[in-house]
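K.L.:
As they're listed, the protein sequences go chains A and B. Heads up: the first sequence begins at 1 in my numbering, then just goes up one per residue. Heads up: the second sequence begins at 1 in my numbering, then just goes up one per residue.
It cannot be assumed that every hint is accurate.
No distinction is drawn between identical chains; accordingly, a pair holds when it is met within one copy or between any pair of copies.
[Said to hold, decoys possible] Below are the DMTMM-like pairs computed for lysine to aspartate or glutamate, each with C-alpha atoms no more than 20 Å apart in a straight line:
1. Lys149 <-> Asp108
2. Lys38 <-> Asp103
3. Lys28 <-> Asp280
4. Lys63 <-> Glu52
5. Lys85 <-> Asp103
6. Lys331 <-> Asp133
7. Lys302 <-> Asp403
8. Lys360 <-> Asp312
9. Lys399 <-> Asp104
10. Lys200 <-> Glu187
11. Lys63 <-> Asp193
12. Lys477 <-> Glu414
13. Lys149 <-> Asp188
14. Lys200 <-> Asp181
15. Lys202 <-> Asp280
It should be emphasised that the hints constitute simulated quantities derived from the structure, not laboratory data.
As a plain string of letters, each chain reads:
There are 2 protein chains.
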Amino acid sequence: MAEEKKLVEQITSQEKDFAKWYTDVCLKAELCSYSGVKGFVVIRPYGWAIWENVMNNVDARLKNMGVTNVAMPVLIPEHLLVKEKEHVEGFAPECAWVTCGGDDILEDRLAVRPTSETVFCDYWREVVKSYRDLPQLLCQWGSVVRWEKETRPFLRTREFFWHEGHTLHATPEESLKFTLDILYMYEDFIQSDVAIPVIKGKKTDKERFAGAQATYTVESIMRDGKSLQSGTSHDFGNNFAKAFDIKYLDKNNKLVYATETSWAISSRIIGALIMVHGDDRGLKVPPHIAPIQVRVVPIRMKDENNVKAASDLYDRIKKAGIKADIDLTDKTPGYKFAECEMKGIPIRLEIGPKDIESKKCVLVRRDTGDKIEVSLDNIEREIKELLEKIQKNMFETAKKFLDSHIDTATTKEELVTKMNKKTRFIKAMHCGDEACEEAFKDETGISSRCIPFEQEHISDKCVVCGKPAKYELIWGKSY
Amino acid sequence: MAEEKKLVEQITSQEKDFAKWYTDVCLKAELCSYSGVKGFVVIRPYGWAIWENVMNNVDARLKNMGVTNVAMPVLIPEHLLVKEKEHVEGFAPECAWVTCGGDDILEDRLAVRPTSETVFCDYWREVVKSYRDLPQLLCQWGSVVRWEKETRPFLRTREFFWHEGHTLHATPEESLKFTLDILYMYEDFIQSDVAIPVIKGKKTDKERFAGAQATYTVESIMRDGKSLQSGTSHDFGNNFAKAFDIKYLDKNNKLVYATETSWAISSRIIGALIMVHGDDRGLKVPPHIAPIQVRVVPIRMKDENNVKAASDLYDRIKKAGIKADIDLTDKTPGYKFAECEMKGIPIRLEIGPKDIESKKCVLVRRDTGDKIEVSLDNIEREIKELLEKIQKNMFETAKKFLDSHIDTATTKEELVTKMNKKTRFIKAMHCGDEACEEAFKDETGISSRCIPFEQEHISDKCVVCGKPAKYELIWGKSY
Chain A
1 MAEEKKLVEQ ITSQEKDFAK WYTDVCLKAE LCSYSGVKGF VVIRPYGWAI
51 WENVMNNVDA RLKNMGVTNV AMPVLIPEHL LVKEKEHVEG FAPECAWVTC
101 GGDDILEDRL AVRPTSETVF CDYWREVVKS YRDLPQLLCQ WGSVVRWEKE
151 TRPFLRTREF FWHEGHTLHA TPEESLKFTL DILYMYEDFI QSDVAIPVIK
201 GKKTDKERFA GAQATYTVES IMRDGKSLQS GTSHDFGNNF AKAFDIKYLD
251 KNNKLVYATE TSWAISSRII GALIMVHGDD RGLKVPPHIA PIQVRVVPIR
301 MKDENNVKAA SDLYDRIKKA GIKADIDLTD KTPGYKFAEC EMKGIPIRLE
351 IGPKDIESKK CVLVRRDTGD KIEVSLDNIE REIKELLEKI QKNMFETAKK
401 FLDSHIDTAT TKEELVTKMN KKTRFIKAMH CGDEACEEAF KDETGISSRC
451 IPFEQEHISD KCVVCGKPAK YELIWGKSY
Chain B
1 MAEEKKLVEQ ITSQEKDFAK WYTDVCLKAE LCSYSGVKGF VVIRPYGWAI
51 WENVMNNVDA RLKNMGVTNV AMPVLIPEHL LVKEKEHVEG FAPECAWVTC
101 GGDDILEDRL AVRPTSETVF CDYWREVVKS YRDLPQLLCQ WGSVVRWEKE
151 TRPFLRTREF FWHEGHTLHA TPEESLKFTL DILYMYEDFI QSDVAIPVIK
201 GKKTDKERFA GAQATYTVES IMRDGKSLQS GTSHDFGNNF AKAFDIKYLD
251 KNNKLVYATE TSWAISSRII GALIMVHGDD RGLKVPPHIA PIQVRVVPIR
301 MKDENNVKAA SDLYDRIKKA GIKADIDLTD KTPGYKFAEC EMKGIPIRLE
351 IGPKDIESKK CVLVRRDTGD KIEVSLDNIE REIKELLEKI QKNMFETAKK
401 FLDSHIDTAT TKEELVTKMN KKTRFIKAMH CGDEACEEAF KDETGISSRC
451 IPFEQEHISD KCVVCGKPAK YELIWGKSY
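Next up, chain A with everything else stripped away, as it sits in the complex (with noise of 0.2 Å):
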């Protein structure tokens, strides 16, 4: 028990420091390492494989959708970069520029891109031509680059891993459709598959992307009360058609401006997946996105038979669709058990040579700690049972926190008083005006995250300026 104390010694509560909590789970679960690189970190089998199953979750559904995926350039030179001009204010400062390829120094140099609007724009330009062509909806899969000052694994990396989709459409009305479409899928699988519940919005004009017209957003809240855009989505209108020129003959026969929309979920989601379920163990990892449903542990490896039929369950549970692995190393039960719950393994499944005897085994649930004795006999449908239970219930858990971390406020020193006492969402009116709402967050770094489409009159009057009121905003203090 002495190596199963230090695998969990080497983690900071939550409590005594979250930030230190989160870094931590990240080493020790093997979800990543520092890279020789800074501002990078390397994302290890473990997180991966937690990033690969987002990827296919959320591919199967755009699929669904009609969506296609396809490759345009890592680098973006310049002279497109800065056709959009609120895009290039918006992304110039944190772009990595590439001035020599091989021995020749270029003459416009080019930008590992930091998001892919120009290229698509540069691409529709060339093969829209008419209403036959739309839409266009076009997904693509890889890393991105911004040049953060400030990192932090999953969170804040200068390379991050999402995928962007662009769409081009034949009318505003078709665009802001299929924002919003998306903007549904994402809400569906953070709440369903990620098991974190999510506030859908809209992002005020002082938050919104560089160049859309507007921007959705869908907004969490982390176990620090700290609060997490977890997907966006944005309706561009004819912004980037007109200033690409991409035009299309309509079905009268007539050239009009396209229009286009773009949305993201990035290896973000990692970071939020940590921070909503995790604890001072470590990772909880839901079922539905988790690499290892269970880990089977044979609790006495010196006892051939012991080996043998935790390695025979095994093969039966893997046999049944269930993702299982098994823990044959020489490391103690205690050291590994601690393993199991560092990675946030939805089951832990232990077999010792008592429970061959009785033809029984001891479930481990992960979300809540609790040790359950099943019969062998229908051990494949009790498991798959349980994962859908421990999936219910991560997400009613993070559902009741985020309902225990919400408040209202009308006036501005309710709302700083209340969200210094206790970082949460608190809802408040607003004049709506950019450069009241961006003095205030200057002032108390408690920025505006989204405008929820579920509106509620709190009160008549601004809440930072005494104006009168024209939305409700959530309120939060943001990673």
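Based on the hints, put chain B in the right spot on chain A.
P.N.:
Okay, now just chain B, sitting in the frame of chain A:
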């Protein structure tokens, strides 16, 4: 039929200009398009879907071999790249260099990864401590950048897609075994699923990978007689382990150097697929990796019953697990047929009013052009059997071509004359001297493809210099 002609007439014939035919097919089959970034292409949905099938197939094979995926930084600092001398000499001249991040000028410039041996080694130095941590069987799917001067879609572009596998082992025997296991896997994939016959062998010292101890390759021949390296596997021994100081504690508690391998198949395989199987009507995609295996074409689009019968048939086929689509556009049947051929869809299924009455339809094979009338009763089974037949026939056709394009030579004159008369593989002996091989390549443009595993004794003397022969080489003109 005017439209049909138009589509096909836009392609140059193979005989007239093979290179032009190749790019025509790339563009007309909508595999890719040129981008606004010099030397980079856009891989369009149909091209990417083929690559996705390659990825899924090979990824499953790798996972069966115990390989797990990871993500290493896309940018590599120059100080890491220069650690292995031969390696940096091979790659530095063709790197794209990032010299500015945001507004900062970088002291240590960063290469957009041309290949990732160095970052993998940097990672292993941190995480590998004992024999318990070995083997490390890792792979990364993504793209790399090499500053090529002349580019051609899929064959040579400044960015290309691949997997790069990197493994670390305890002993030279283990790394050699794994290098070869990968080569055999590549052979099976390329032959069984891409329907391209290959010759396995070892590269000569002159042709081996920069920094490797030995490079193994699978070589294939295109319809113009030129050869293409279709997959490579490198055994580094402990070259990199020494340069990066990667040592582990072995079972006797002694610190020893690990050994390393790396291996790759790239999007070049799509170039091979085009040039091995294609003809003057366009692409032919082998059923095992075809994004669309069957396209249903209703003959009378204005006949509602015809459209409904075609749609029902399409649903039936899809439900049976066959990758199908249906062409319900308002183009003429002739144009639709030509499009099926251009895209290399293995089976075209034509159904008209008469067929519905007689409960039949017409299957058209892309590989042979044969039209087969079949009953609708067992259509799913018929299609599945036919797809396997087509897969097999495509391999056999390519194998016959390969067999008729291998010759032998015993003198320099014979080798050069034969190669100039008809580009092909020529077997001939070599003395093993790097300088001899290099001078001959510079003079004639003929290069050694590999030292084939199946050695034959063609003669006693080196075909170039006449000195005693060391081994048989396969010579060719390469892409």
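K.L.:
Does each hint hold? Answer for all of them.
P.N.:
We went through each hint and held it up to the structure:
{"no.": "1", "hint": "Lys149 <-> Asp108", "in the structure": "between (25 Å within a copy, 17 Å between copies)"}
{"no.": "2", "hint": "Lys38 <-> Asp103", "in the structure": "between (25 Å within a copy, 16 Å between copies)"}
{"no.": "3", "hint": "Lys28 <-> Asp280", "in the structure": "within (12 Å within a copy, 58 Å between copies)"}
{"no.": "4", "hint": "Lys63 <-> Glu52", "in the structure": "both (16 Å within a copy, 13 Å between copies)"}
{"no.": "5", "hint": "Lys85 <-> Asp103", "in the structure": "between (32 Å within a copy, 19 Å between copies)"}
{"no.": "6", "hint": "Lys331 <-> Asp133", "in the structure": "between (60 Å within a copy, 14 Å between copies)"}
{"no.": "7", "hint": "Lys302 <-> Asp403", "in the structure": "neither (49 Å within a copy, 57 Å between copies)"}
{"no.": "8", "hint": "Lys360 <-> Asp312", "in the structure": "within (13 Å within a copy, 50 Å between copies)"}
{"no.": "9", "hint": "Lys399 <-> Asp104", "in the structure": "neither (56 Å within a copy, 43 Å between copies)"}
{"no.": "10", "hint": "Lys200 <-> Glu187", "in the structure": "within (8 Å within a copy, 50 Å between copies)"}
{"no.": "11", "hint": "Lys63 <-> Asp193", "in the structure": "within (17 Å within a copy, 24 Å between copies)"}
{"no.": "12", "hint": "Lys477 <-> Glu414", "in the structure": "within (15 Å within a copy, 78 Å between copies)"}
{"no.": "13", "hint": "Lys149 <-> Asp188", "in the structure": "neither (33 Å within a copy, 47 Å between copies)"}
{"no.": "14", "hint": "Lys200 <-> Asp181", "in the structure": "within (12 Å within a copy, 50 Å between copies)"}
{"no.": "15", "hint": "Lys202 <-> Asp280", "in the structure": "neither (34 Å within a copy, 53 Å between copies)"}
In summary, the structure is inconsistent with hints 7, 9, 13 and 15 from the numbered list given earlier, while agreeing with the others.
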